[in-house]
Every structure is written in structure tokens, then in C-alpha cells.
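Mind docking these for me? Both chains are given alone in their own frames, and the hints should help you get the complex.
Same order as they appear, the protein sequences are chains W and R.
Numbering follows our numbering, in which position 24 of the first sequence is assigned residue number 24; successive positions increment by one, without gaps.
Heads up: take any position in the second sequence, counting from 1, add 205, and you land on our numbering.
It should be emphasised that the hints constitute simulated quantities derived from the structure, not laboratory data.
Treat the hints with caution; some may be incorrect.
Think about it this way: if two alpha-carbon atoms lie no more than 30 Å apart in a straight line, the pair counts; the simulated DSBU-like pairs of lysine-lysine are [unchecked claim]:
#: 1; chain 1: R; residue 1: Lys288; chain 2: W; residue 2: Lys106
#: 2; chain 1: W; residue 1: Lys106; chain 2: W; residue 2: Lys52
#: 3; chain 1: R; residue 1: Lys208; chain 2: R; residue 2: Lys290
#: 4; chain 1: W; residue 1: Lys21; chain 2: W; residue 2: Lys186
#: 5; chain 1: R; residue 1: Lys290; chain 2: W; residue 2: Lys131
#: 6; chain 1: W; residue 1: Lys133; chain 2: R; residue 2: Lys288
#: 7; chain 1: W; residue 1: Lys52; chain 2: R; residue 2: Lys208
#: 8; chain 1: R; residue 1: Lys288; chain 2: R; residue 2: Lys227
#: 9; chain 1: R; residue 1: Lys288; chain 2: R; residue 2: Lys208
#: 10; chain 1: R; residue 1: Lys227; chain 2: W; residue 2: Lys52
#: 11; chain 1: W; residue 1: Lys55; chain 2: R; residue 2: Lys227
#: 12; chain 1: W; residue 1: Lys21; chain 2: W; residue 2: Lys52
#: 13; chain 1: R; residue 1: Lys239; chain 2: W; residue 2: Lys55
#: 14; chain 1: W; residue 1: Lys106; chain 2: R; residue 2: Lys290
#: 15; chain 1: W; residue 1: Lys52; chain 2: W; residue 2: Lys202
#: 16; chain 1: R; residue 1: Lys239; chain 2: W; residue 2: Lys52
#: 17; chain 1: W; residue 1: Lys133; chain 2: W; residue 2: Lys55
#: 18; chain 1: R; residue 1: Lys290; chain 2: W; residue 2: Lys55
#: 19; chain 1: W; residue 1: Lys131; chain 2: W; residue 2: Lys52
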Amino acid sequence: MSNVSAYINASCIVRGNTVVKNGVRAYEAPPGETLPEFLRSLYDRYSGQYPKFHKMDLLSKLGWAATEILLQEVPMEQYAPEDTGVILANTSSSLDTDERYAETMKEIASPALFVYTLPNIVIGEISIRHKFKGENAFFVADAFDIPFMTGYVQQLLNEGTLQAAVCGWVEQYHSGHDAALFLVEKQPRNGSLPFTANEVEKLYR
Amino acid sequence: MEKLMADLKVQIIQQLNLQEVKPEDIGNDQPLFKEGLGLDSIDALELIVLLQQHHNIRIANPEDGPEIFYSVRTMAEYITAEKSKQG
Chain W
1 MSNVSAYINA
11 SCIVRGNTVV
21 KNGVRAYEAP
31 PGETLPEFLR
41 SLYDRYSGQY
51 PKFHKMDLLS
61 KLGWAATEIL
71 LQEVPMEQYA
81 PEDTGVILAN
91 TSSSLDTDER
101 YAETMKEIAS
111 PALFVYTLPN
121 IVIGEISIRH
131 KFKGENAFFV
141 ADAFDIPFMT
151 GYVQQLLNEG
161 TLQAAVCGWV
171 EQYHSGHDAA
181 LFLVEKQPRN
191 GSLPFTANEV
201 EKLYR
Chain R
206 MEKLMADLKV
216 QIIQQLNLQE
226 VKPEDIGNDQ
236 PLFKEGLGLD
246 SIDALELIVL
256 LQQHHNIRIA
266 NPEDGPEIFY
276 SVRTMAEYIT
286 AEKSKQG
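Isolated chain R (complex conformation) (with noise of 0.2 Å):
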């Protein structure tokens, strides 16, 4: 978990552009959008891209996106979860 949590903060750094962000600036369970890391709407799509093309899982469900993208450990426990139901 430690590991791909730590992936997932380089990916979403050159996924969202976020030049002035190190993956050390990001907490682990810091929120991604609003008061946290200040993400905007374009930025949760790009989110859903990043899961796409690099852990190859599509989002079933739009409206389970606010969960998953809460923090950079609600996204690696979904990913480890979708992980675990592909095999």
C-alpha cells in the first residue's frame, strides 16, 4: 500500500501538471480537492484518465468518484480492491 501510494503521488503530479508540488507535499490522507491539494473538476477527470491508463480500471460508477478521489489512500485502497477483483 505504502508503495503504491507513493506511485500514485508521482502520477498525479505529471498526470494534473502540478509543477510546483512535490510527492513529499502530498499527505496521504490529505484531501485532494477544496482546502487539500486545491483540485478542480478537470482535474478529477484527468483522475479518472490516470486510473485508466495506469492501473487499467475503469470507474463503473461516476457518483463513486468522490470517494475514491478523497485522498491518495482512498484511491490506493480502490485500486487494490479492483486489483484483487480482476485476479
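Here chain W stands alone, though its shape is the one from the complex (with noise of 0.2 Å):
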């Protein structure tokens, strides 16, 4: 199996605030912003027009809105919907979301907040946004294991299942947040990078 079957189109890391868009950095919010006023912040910047937003949990705002950066320009209606797939981990699951939800179990249970209480909940976000019909899988782990993810995903390439794929990690927890996200096609792009676990790791980094 070649290690250069496939490459990184574009990334989007999301972190601290922070925004790094294919390497250079994008955005970043004012000091003391919230996680909920930030990630309103990049809706507003990045996207605006979609109100089912507003009723996502935080996890699944920070992953859809950083794969709203991630294909900014990427013309992914070239491919089947079939043909694309969402591939992502973190290590905290759902568990704010889990939290908050059973707080609520106190009084009246929210049906709003069950509904998030997966951690995949976020991959559906993204394809219903982006129309992706493809294998996806959500995994939790205890730190972003990219030798895995890249061989994951690279199969998933190799054996034709995909032609593309929205990969990486979308960890939150309470204001804790970091998303790296990856576009990962057969053909390369402007700017493309092998997609090897060394370039994923560099670009994570």
C-alpha cells in the first residue's frame, strides 16, 4: 500500500479560540470570548444561513463549523453522495452534553439535549449540512491516535469505499475545545500535502 494514494486538501485545526485555516491562521476571538460566543462567532463568520445551528449541542458546533472552514472553496459536489464520508474522534464522547442532559432529568428531561447525547450526532450535522452518504465512524480514545486515523481512512480510500473524506478529531468538554479536521481525497489540489500520518501529526501540532 502507497503511502501517497492519498492527500490532504485542506485542514482546519480549532483551538483555543483559534482558527488555522490549511496552516495560516484564520481567526482568532477576542480575549474572554465564551465557547458558545465563539463558535456563534465563526456561524456568523464562516457560515450564517442555517439555522438548526443554533440547536446544536457545543461538540457538534464545533465540528460543523469547523468543516464549514475546512470546504470553504471546495467544490464537494463533484462526488456521489455515497462517495463521501465523515471519519472523526475525540476522547470526552458526549459527556458535556451526557452532563447537562441529566441535570435536566431533575425536573423534565430535555428531548432537545438527548438527542445529542452521542458523539456521532456531530458526523450527521456535517452530512446533512454537506449531503456526505458515505462510511462514517465516530471513535473514542484517550488522545488523537493519527497512525490509526490515517490507516483507517486510507483504506477506506484504498478499497474505493470513499473518494473523500472529513477526518480527524473534535474533542470538547465544558470550555475545553480542540477540532482538526482534514479534507482527504484521491486527487490532489493546490497546495496538497501526502495524506501520511507524519504530515496529519505536523498539521496537528
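Here's what the structure looks like:
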């Protein structure tokens, strides 16, 4: 299996209220901005016109907003929906929302919170937005296992299961957040990097 | 009734987190679901929670939901009728 049979065609890191797109700092929130405020500012800056965003939990908002930034100006509609997928991982699963939901159970349990008590819901929100219908998976691990993630996605591409994937790490618990998303495709675009664990590691760190 | 409908619009926006909707955007007779405000099935459950939390009303028959939650006016009429039953 060749290590350069797929390419990282875009990357987006959202960490510490800062956005880095394709290795370049793109946005930094004003000091003191809370995570909900920061995510709202990303929505206003990079998207808008998607009221469902406001109903999402913070994990989904983070992954959704990072994907909006990642896929800006990328013609994903060139792919059949079944050829595009999302593979993500994190360490806190949906614990932040689980706790909020448990709190509501003391009075009247919130249906709107309940539907976000699984981490893979963020994949659903991204897929609905971008009409992705291909393979998806969400892994929960102690840390971002980059060799595992690159190996898994590479195999999906090699097998022809997917032609393009959004993959990476979407972690959120309370105000802590760390999203690192990568657009991986079989064909290179301008500024492509080879899709290897080493390149992902360099972008992530 | 007008005051109740105005309050309901604020409560709906808060309960359903409709951050880009203002009370004046919601017509009294505008359908809340599908072609109207575009609410979904989870929103329907949240409206049931809203009735319990804000108006202390439990819907006895879930099949009445589509009629009760058709519009702000039908919600207000239902609340008014239930309150009068409660005395």
C-alpha cells in the first residue's frame, strides 16, 4: 500500500478560540470570549443561514463550524453523496451534553438535549449539511491516534469505499475544545500534502 | 388572548432556541410545522415540555398534538381552555 495514494487537500484547526486554516492563522476571537460565543462568531463569520446550528450542542457546533471552514471553496458536489464520508474521534465522547441532559432529568428531561447524547451526532450534522452519505465512524480514545486515523481512512479510500473523507479530531468538554479536521481525497488539489501520519501530525501539533 | 399569544412566541423562541427568529416573525395563525416555522419532531416534544414548564399543563392525549400545536393561536386557545377547566 502506497502512503501517497491520497492527499490532504485542506486542514482546519480550531483550538483555544483560534482558527488555523491550511496552516495559516485565519481568525482569533477577542480575549474572554466564551466557547458558545466563539462558536457563534464562527457561524456568523463563515456560514450563517443555517438556523439548525443554534439547536446543536457544543460538540456538534464545533465540528460543524470547523467543517464549514475546512470545505470553503471546495467543490464537494463533484462527488456522489455515497462517495463522501466522515471519520472522527475524540476523548470526551458527548460527556458535556450527557451531563447537561442529566441535569434536566431532575425536572423535565429535555428532548432537544437528549438527541445530542451521542458523539457521532456531530457526523450526522456535518453529513446533512454537505449531503455526505458514505461511510462514517466515530472513535473514542484517550488521545488523537493519528497513525490509526490515517490508516483507517487510507484503507477506505484504497478499497474504493470512499473517494473523499473529512476526518480528524473533534474534542469538547466544558470550555475546552480542540478540533483538527482534514479533507482527504484521492486526487490532489493546489497545495496538497501527502496523506501520511507524519503530515497529519505536523498539522495537528 | 393577545397577551398569551405574545408570551407564547417569546417562550417558543427561548424553548426551541430559535436565535434568528423574532416574536414578530411568528404570525398568530402561521403553521408552526413544515411550511410555516419549519419545526421538527424534536421541537414538538419541546413544545410539550413548554406547556408543562410554563403553563403547568400536561397533554392527556398525544394524538391531540397536531391540532394543539398547529399555530400560536391554537396553542393559546388550548391553554385558555385547560386553565378554565382547572378553575
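Now the hints, each set against the structure:
{"no.": "1", "hint": "R/Lys288 <-> W/Lys106", "in the structure": "holds, 26 Å"}
{"no.": "2", "hint": "W/Lys106 <-> W/Lys52", "in the structure": "holds, 26 Å"}
{"no.": "3", "hint": "R/Lys208 <-> R/Lys290", "in the structure": "holds, 20 Å"}
{"no.": "4", "hint": "W/Lys21 <-> W/Lys186", "in the structure": "holds, 20 Å"}
{"no.": "5", "hint": "R/Lys290 <-> W/Lys131", "in the structure": "violated, 49 Å"}
{"no.": "6", "hint": "W/Lys133 <-> R/Lys288", "in the structure": "violated, 48 Å"}
{"no.": "7", "hint": "W/Lys52 <-> R/Lys208", "in the structure": "holds, 28 Å"}
{"no.": "8", "hint": "R/Lys288 <-> R/Lys227", "in the structure": "holds, 27 Å"}
{"no.": "9", "hint": "R/Lys288 <-> R/Lys208", "in the structure": "holds, 15 Å"}
{"no.": "10", "hint": "R/Lys227 <-> W/Lys52", "in the structure": "holds, 16 Å"}
{"no.": "11", "hint": "W/Lys55 <-> R/Lys227", "in the structure": "holds, 16 Å"}
{"no.": "12", "hint": "W/Lys21 <-> W/Lys52", "in the structure": "holds, 24 Å"}
{"no.": "13", "hint": "R/Lys239 <-> W/Lys55", "in the structure": "holds, 17 Å"}
{"no.": "14", "hint": "W/Lys106 <-> R/Lys290", "in the structure": "holds, 28 Å"}
{"no.": "15", "hint": "W/Lys52 <-> W/Lys202", "in the structure": "violated, 34 Å"}
{"no.": "16", "hint": "R/Lys239 <-> W/Lys52", "in the structure": "holds, 14 Å"}
{"no.": "17", "hint": "W/Lys133 <-> W/Lys55", "in the structure": "holds, 22 Å"}
{"no.": "18", "hint": "R/Lys290 <-> W/Lys55", "in the structure": "violated, 35 Å"}
{"no.": "19", "hint": "W/Lys131 <-> W/Lys52", "in the structure": "holds, 15 Å"}
Hint compliance for this structure: hints 5, 6, 15 and 18 are not met, and every other hint is.
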